[in-house]
Amino acid sequence: MKNLILATATAALCATGVLAEDVKVGMITTLSGGGAGLGIDVRDGFMLAIAQSGRDDIEVVIEDDQRKPDIAVQLSDKMIQSERVDVMTGIIWSNLAMAVVPAAVNQDVFYLSPNAGPSPLAGQGCHQNYFNVAWQNDNLHEAAGSYANGAGYANSFILAPNYPAGQDALTGYKRMYDGELAGEVFTQLGQTDYAAEIAQIRASGADSVFFFLPGGMGISFLKQYADSGVDIPVVGPAFSFDQGILQAVGDAALGVVNTSQWNKDIDNPTNAAFVDSFQAEYDRLPSLYASQGFDTANLLLSALSVAHPNDADAFRDALRAADFDSTRGDFAFGPNHHPVQTIYAREVIQEGDVFTNKIIGVALENHSDAYAAMCKM
Amino acid sequence: MKLNERAINTVVLLGLLALPLYALVVDEPFTITLVTRAVILALAAVGLNIVLGIGGLVSFGHALFFGIGGYAMGILAYHAQTYTTLNLGFFSTGGTKLMPVIWLVAMTVSAIVAYVIGKLTLRTSGVYFIMITLAFAQMFYYFTISWAQYGGEDGLSIYIRNDFPGLNTLVPIQFFAICFVILCSVLFLYARLQASPFGLALNATRQSATRVEAVGLDPMKLKLLAFVISGAVTGLAGALFADLNRFVSPTMFSWQLSGELIVLIIIGGVGRLMGPVIGACVFVALEHFLGGLTSFWHIYLGVILLCIVLFARGGILGLLTGKEGAHV
Amino acid sequence: MSSILIIEQILNGLQFGVMLFLMAAGLTLIFGVMGLINLAHGSLYMVGAFAAAAVAGLTGSFLLGLIAALIAAAFAGAIIEMVVIRRLYKAAHLDQVLATFALILIFSEGTRWVFGSFPLFLDIPDALSGPVTLPGGIQYPLYRLTLIAIGLLVALGLWALIERTRIGIQIRAGENDREMIGALGVDISKLYTLIFALGAALAGLAGALVGAIQSVQVGMGEPVLILAFVVIVIGGIGSIRGAFVGALLVGLTDTLGGVFLPELFKLFMEAGAAQKSGSALASMSIYMLMGLVLIWRPTGLFGART
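Chains as they are written, first to last, in this note's numbering: chain A, 1 to 377; chain B, 1 to 328; chain C, 1 to 306.
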């Protein structure tokens, strides 16, 4: 729970010319334990954008949730009761977001999600102070289903861990995918050995495999899959092919197609500058999560240049307008404050010693989400 | 340094009361929330201390009852919040947001589960007992992760804290008052229990079960009763913890939490009235202050725990009073 | 479901089981001889995997990585035995649980401090990669077959060590009567350090071998630790034979339960629901197995009767 406070000495003026009142941002993210890589990337992307803005009237308080919901809730109480922040952000995991976000936005704090997008917050539980800058959880899986149609797959074997995000993943894939299912398997959360599932895949006669196994689970699955001699093509969401973990998968991931709303080769000046400056600052390639942190901060900055969060209605309108240069190119919010965006199909390639991704096509164009209609804001 | 244990106990309780009041005056509501967290964890550990401290039974699965209490709150409040019906076949209800009712349900369900598990596990002893209690907690953990109806791993969010007649529970100091009063009542009961014939007999089974049998008591029955009471108290703490966070999730069943409850007791002093309370205060303070200094604070926590085991047997209370206390 | 698939799943269960045995053997030896509950055994598994990944990454040789894993884990084990564990032999189980719990915290965060938060890369050697065809047309990864072979060899080696060597005699004597063998002139503290290092090396070996097909990351030892405890409790604490039988039982129950329970549920449920409830039950199955065994035999299958 390191407190990182940005402050410099000079006074600043808002773009509108009004004397600025300081803004306090609370970031709760995962900085220790197994899932720390994701939180560190979001934090670094976010802080890079804040530093680049040159604004010194923004104070960011950063705390580590250890990926534990009860710690996250406690920190959120601290942010709201003790630090009295105006805006909150940072949470990586859906279950932590569900624990923190509804209570926070009901206490008149704005929340900008840089990663998690659980379906209740996109549908019936949507809130005028909640904005998601990354995706609704189903999006990348839907894109994978759509890609499978385009690639001519007609008999998929699909698997995910038996927990809500895993069940949503398979639902999301099936929502877009038109073919048959050769098999549908729920694995255990945190499972490390997939020999049994791979045997089922081999026996199923499938022509493609879709899997959602975030973090270490995906690394294990891919290594074992590559070693099993089964050569049915694999599709998955970007989470198992992210910059941070690709190096740990190695050759086993080469050629695998995955879906993502961002990649480092998306051709726009903002993205090119982001990739360069991120590498210069932190000496590693940015990940999907870093890009989401960066975009979140830039969205916040764009709204702050119009209004202070104290003026809630004006600030909210400014956020809704999403008038900033996203690393993804065009960016707009749907009626439920979730992105309407293009999702790409990427392929894992090797550049020198480094494994990374290359865009090979568009999986879904200007895609919203399935829950927007249920949102009554 | 040899201090009177009773004097220390009084100071700790008064301090626990004074800190939130001070925080109220200087308008630092988060401090009140932190102290409330310590109070609730202390309550859960007092429950565990009944079997661990007096009975000498190392339950490595007490998170089970903590979780049951949490889910009792979560499920009842969820149905009340969504205006849906909870149908149990023989009985259906629209849920409730009333704390006293939730507490009663949490304690009853925990007690029933403790009775069944106690019946099955108390025949084992030593490491086997440690592991079988862990096994039962793990079963509930995996079950709730895949229990989609109540959020699975995502857990359940309750947007507004439940009600207590006459109080506004969303005001930190008022919710603290509720928890503090409950803790004091349970501590009072613990002290009475420890001194009662039942408590003495239970203490005797820890030292020699055969001798207890020889005077005509049934050690199995004594342990079972203690296990049921213990489960009910920890279940009540679980319901309060869920209300503090306005959230329940399977992590309340995790083995790390069972371990933490044991850690709290050992830090403070095993089998002592205020051991769990002191342990919980120290633990929450360490978590808060060490965590503020470095993101690698677990290393320091580990070193501190190690020092307590190696050099301060009997925990902080043992260190202060110069008596080691109960051996398990 | 074809017989090929069933045989393949049994092999998978077997492979999982023998790896669990490597973990459980050390735990059960340490408990049997020294009466110590070592929660930090999972950390030694992690140390082995990280050492293997680091050395294999530097030298490019998996074999050197394995050797490094054995040495690093044995060394770490010997150090913690001499610095911490030695003071705990006479302590209550409760103190042992707490102290070794503290060691987990130190090892996990220390590893993260040294190696960072991202998983490390460790791949199986080229010579062992890819599948082989077994009699009956079963395609099975060569590496997993190698794991089964190594696991069985280690089991055999341990049996020989305990039944056929002088150290084995001392170990068995230590299990029966700790004070007596001290009185007979055996250097107890050296023997204890040796056993602890041996157990640690087995855990490190398991970590390195399994790390090649899974992800090498902080916290990887804890789920395995819990399973290893389940194994030795089922088998009876202190019994190597019990650990072996328990490991195979747990490995097979877990693997086959995950595959066949959902199929079983499909007989009387709609497919999607069967899949969900079947895998939910499967994730609880080994704990149910352990509960049943302990209710039937409170000291495990091969445990000493009291």
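Worth flagging that the hints you see were computed from the coordinates, not collected in a lab.
Given the structure is predicted, the values throughout are model-derived calculations rather than measurements.
Don't take each hint at face value.
[What the hints assert, rightly or not] Think about it this way: if two alpha-carbon atoms lie no more than 20 Å apart in a straight line, the pair counts; the simulated EDC-like pairs of lysine to aspartate or glutamate are:
| no. | chain 1 | residue 1 | chain 2 | residue 2 |
| --- | --- | --- | --- | --- |
| 1 | A | Lys24 | B | Glu28 |
| 2 | A | Lys174 | C | Glu270 |
| 3 | C | Lys266 | A | Glu184 |
| 4 | C | Lys90 | C | Glu175 |
| 5 | C | Lys90 | C | Asp187 |
| 6 | C | Lys266 | A | Glu180 |
[As the list claims (entries may be wrong)] Here's a subset of chain C near chain A, in silico, CB distances under 8 Å, partners left out:
| no. | residue |
| --- | --- |
| 7 | Phe115 |
| 8 | Ser117 |
| 9 | Phe118 |
| 10 | Phe121 |
| 11 | Ser279 |
[Unchecked claim] Residues from chain B that face chain A, not an exhaustive set, calculated with beta carbons under 7 Å:
| no. | residue |
| --- | --- |
| 12 | Gly15 |
| 13 | Asp27 |
| 14 | Ile145 |
| 15 | Gln149 |
| 16 | Gly152 |
| 17 | Ser157 |
| 18 | Gln207 |
| 19 | Thr210 |
| 20 | Arg246 |
| 21 | Phe247 |
| 22 | Ser254 |
Virtual Cβ for every residue (Gly too), placed ideally from N, Cα, C.
Hint-by-hint comparison with the structure:
1. A:Lys24 <-> B:Glu28: OK: lysine 24 of chain A and glutamate 28 of chain B at ~17 Å, within 20 Å.
2. A:Lys174 <-> C:Glu270: The given pair, whose Cα atoms are some 17 Å apart, holds under the 20 Å limit.
3. C:Lys266 <-> A:Glu184: 12 Å, holds
4. C:Lys90 <-> C:Glu175: Holds, because 15 Å separates the two Cα atoms, which is no more than 20 Å.
5. C:Lys90 <-> C:Asp187: 17 Å, holds
6. C:Lys266 <-> A:Glu180: 18 Å, holds
7. Phe115: 11 Å, violated
8. Ser117: 4 Å, holds
9. Phe118: 5 Å, holds
10. Phe121: 5 Å, holds
11. Ser279: 4 Å, holds
12. Gly15: Given a least distance of 20 Å, the restraint on glycine 15 of chain B is violated.
13. Asp27: Status violated, d = 10 Å.
14. Ile145: 6 Å, holds
15. Gln149: Violated, because the Cβ-Cβ distance from glutamine 149 of chain B to chain A comes to roughly 11 Å (cut-off 7 Å).
16. Gly152: This interface hint holds because 4 Å falls under the 7 Å limit.
17. Ser157: 5 Å, holds
18. Gln207: Interface hint status for glutamine 207 of chain B: violated (37 Å vs cutoff 7 Å).
19. Thr210: 43 Å, violated
20. Arg246: 6 Å, holds
21. Phe247: 4 Å, holds
22. Ser254: 9 Å, violated
Hint compliance for this structure: hints 7, 12, 13, 15, 18, 19 and 22 are broken, all remaining hints hold.
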